[in-house]
Structure formats: structure tokens, C-alpha cells
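K.L.:
Listed below are the residues making up each chain.
2 protein chains.
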Amino acid sequence: MRNKPTKKYQYEYPRAALTVDIVVFALDEEDLKVMLIERSLKPYQGQWALPGGFVHVDETLDHAARRELLEETGLKDIFLEQLFTFGELERDPRERIVTVAYYALVNLEGHDVQASTDASNAAWFSLSELPELAFDHATILKAAHERLRGKVRYQPIGFELLPEKFTLRQLQHMYEVILDRELDKRNFRKKVLGMEIVQETDEIEKDVAHRAARLYRFDQKAYQRLSKQGFHFEI
Amino acid sequence: MRNKPTKKYQYEYPRAALTVDIVVFALDEEDLKVMLIERSLKPYQGQWALPGGFVHVDETLDHAARRELLEETGLKDIFLEQLFTFGELERDPRERIVTVAYYALVNLEGHDVQASTDASNAAWFSLSELPELAFDHATILKAAHERLRGKVRYQPIGFELLPEKFTLRQLQHMYEVILDRELDKRNFRKKVLGMEIVQETDEIEKDVAHRAARLYRFDQKAYQRLSKQGFHFEI
DNA sequence: TACCATAGTGTCGATAATACACTTAGAAAG
DNA sequence: CTTTCTAAGTGTATTATCGACACTATGGTA
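So the protein sequences, as listed, match chains U and G.
Straight run, no breaks: the first sequence in my numbering ends on number 235.
Straight run, no breaks: the second sequence in my numbering ends on number 235.
Derived by calculation from the structure, the hints in this document are not laboratory data.
We put the beta carbon where it would ideally sit given N, CA and C, even for glycine.
Be aware that one or more of the hints could be misleading.
Unchecked claim - Only pairs whose alpha carbons sit at most 30 Å apart, straight line, appear in this in silico BS3-like list of lysine-lysine:
id	chain 1	residue 1	chain 2	residue 2
1	U	Lys151	G	Lys221
2	G	Lys228	U	Lys142
3	U	Lys228	G	Lys185
4	U	Lys151	G	Lys151
5	U	Lys228	G	Lys151
6	G	Lys228	U	Lys185
7	G	Lys191	U	Lys191
8	U	Lys151	G	Lys190
9	U	Lys191	G	Lys228
10	G	Lys191	U	Lys151
To be verified - Covered by chain G, according to a simulated footprint, are these stretches of chain U (three or more residues, beta-carbon under 8 Å):
id	segment
11	10 to 18
12	57 to 67
13	77 to 86
14	167 to 173
My request is simple: use the sequences and hints to build the entire structure.
P.N.:
Quick look at the structure:
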């Protein structure tokens, strides 16, 4: 049995609880995926939800997001950025809870999703086949998706969804999935190679049943150099 | 004398306090202004700070921002948008306080800034002549300024800084101040009028010592119609 | 009536965006 | 080993957009 909680932290005015929730995006051959957790506790027990949890009073928001992500999904060292803070009154049935939402980008190949430590399920869902989500997490997910769509065009964050070395075909496919429109192969290559922010490697892809494509990597240094010179990334 | 506070709100775990802070921008003939409040209470007593305050447990974040703005500056019914949530550990010397920052845009002509209700000063400061700010408010202000610069180019929010009816000269000046670069008059007019989101009125400006310019207004309906058709505003 | 300040207007060249189809390489199947 | 299949890789011509640039018109002030 659980002990009765000792409510020893006392304040003059009532306080909302503060949580973080993280929308983790990944990409596979078909489309965008998002990581969800099956809740093992009430409320919304058994329903799918975004990974997240309470912010400790002695940690920053970013720290809380990374900690929860590690605890619940095993993911670490990934791209993570604050999205928006959701503070509607009835968003949690228990009490007033304000949540700082984050979104994260991972490449599926580099990061295994481990069974979470508290025995609840973690799984990838296609954005087109989402289950019903707990709390206001559908709203948060939608906001994250819109942010990603908007930001990927003028900031080179999309590379976070790809392995370190990728083909131009993979890069184009990533943009096509996120922007939800087809791009012309020749124009796309012309543009990307013209920006000089991807570096050709001397490797080609392996284990494909057709001509193997050359592998490239994102050139962070070149990008930063160009940025300082007023260069403006845009797809 | 103030009574000793009765700390009757009790929780199992310690909780951060939650505040809102608002960066209010306005525009005059010269440059961008921001509204600051002179603090009447400790900490940072007598220093300038952003308007803001504690979020009540029974109000949304947006509501808290609008309420604080009204209480401290008299401003209401203005453009207000969430900016970012700041949660560094030592950002407030008293205790752990997380703040949800907002930014707001007002036109100086339409809104008088009243003396604030709790007798502290409220005043406009030019962005180039800022005093030292309390807490991490300089960081928040910088983030708001960057957001405004980034967003004004592809969302028609800049009109919020102008009176309902404005000249194309005022519109261009607004963009020049925010983007911090000069724009070509003919190209600017061509672009703005070509987008068909400003509506010509039959009025001209008054009390100017030279040829009076035609007044225009932002056409919200036309903008929404165009947006749905995939039109992409950009200056 | 002259002067001053800003309003208002068009063209041309450069650059960027778009549309579009075939050859090549390499693995797999027969 | 020859054919087949799949995706890689490549260039040009057209169109649209961007950016540079200078003079006349209007109305108030001196």
C-alpha cells in the first residue's frame, strides 16, 4: 500500500502544477511518426499520451524535458526545442496543471526506443493513424506538427530526422513528407547542392536493389559560416 | 501592517511559482518603443521591469497576461501572443519562479498609457536607450524583439503597430524600423499594393506641411480569403 | 509667387523558380 | 550472361520575381 502523502510544502496562494510534454518526431520510409506512451496510471489509464511529467522545483524546463524523455523512452542526446505553454483551466481533470510543451526530432536508425522504466508501453505512431490521445495532447501534437512544417523550410532542422549520412533522395523525401507536397528532383538537387551546406562523402548507400546513391552529410560549420554572412536557408 | 501570511495551500512536492511577463511594443516617428514599469516592491525595487505578475490558479495564461497588462498599464484589447517560457533556476532571487512571456503590439495613438493602479511608474523606452532591467527581463526583451523581427516578415502583424488608417509611408517606415534596413519606396508600394491586402480609403492624412498622402487600412477579410487560397504574405 | 517636403509613378536587367526527359549504374531474375 | 527493373544522376529553356534607379505632382509655408 502507498502511504498517505505528507503535504509538507505550503504556500500563501494556491499554485498550479507544472509539467513538460514532448512531441518526438521521427521519419521512416513512408511518413512522419510520433512517439506515444501508454499510460499506466490514472487518469486516462490505458490511453496513449505524449511522454512527459512533472517539473522538479530544482531543475530547468529543458532539463525536465530531457529527463522525462530518457526515463520514459530511453531517448537522449536529441534535438529538443520548446514549443508552447498550454494553460487551459480544465486540461487535466485532477487539478490545475500548466504544461510546457517541447518537440524533438530523432533519426530512427541511431536511437533505439527502449522499454520505458515504469513498464508502460512506448511506440511510434504514424501521424495519419493516431489513436485517441489523453488530456489535450491532440492539440499539442497539432501545434508541434505545424511548428515543424513552418520551421523546416527556413531552418536546417530537418537533418535531425535523418541519419548522419544520407542520400539526396532521403533528404528530398523528408521535405516532401513534412511539407506534404512533391518536389522536383532536379530542382531540389540544384538548390541543395547550390547552398553548399551538405558535404559529399566518398561513400554510397548499401544493400539496395538498384544503383546506389552517393551519401552526403550536413555541414554544420559551413552553415554557421554562411549564416553569419547573411545567408538565408530556405527550401 | 501586513498580516503574517497564512500558508494554507499545501502540496506533496514543492512547486514553482508561475508568472507572466509582457513585452509591449509600440512605434513612433523614430523607432520601436517598449513599455516598462518601475518596480515599487522588492526585489529590484526602483528598477525598471516588464509588466507582469503571478498567474492565478483559476485563470488561463492569456487571461493572466491581459489582466496584468490592464492593471499595470491600462492597456486593453491589444494584440497579444505567447512568446516563450523562461525557467532558469536563479532567474528570481526569492524562489523558483517560471514565467510565461508574452509580447504585445499597440498603436500609440489609439491607446493612452494610464498611471498604473499600484502607483508604480509606467513609461515607453526606446529599444536603443534601455535602462538596466530587473530579473532576466533583458533576455526576455531580446527574445521578443527577435520574434517580432522574424515574424513581421511573413505574418501581417505589423499593422497592429499602426493606427487603423495609415499611409504607405508609415507602413514602410514600420518595416524599416523593425527589420532595421531601408526599403525602396517604389518596390515596397508595388509589393504591398500587389498583394491586395490593404484597402484604399477616400481619406488623406491631415495637418502635414506637404502634399498629403492617401490613407489605407489593412483588409483582414481579404487577407483571410487569400490565406485560404494558399497565398503567402511576405515582405 | 517661389520654395520646400513628401507623394506618387515605370522600366529594365539580373536573378531565381519552374517545368520537363533521357541516359547510366547496379542488382535481380530468368 | 542477358534481360529487366529500379532509382541515380544530369541541363536547358521559359517564366516570374527582385532590385536598382529619377523624375513629376501636389499642397502647404515663407
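K.L.:
Could you work out which of the previously given hints the structure breaks and list their numbers from low to high?
P.N.:
14
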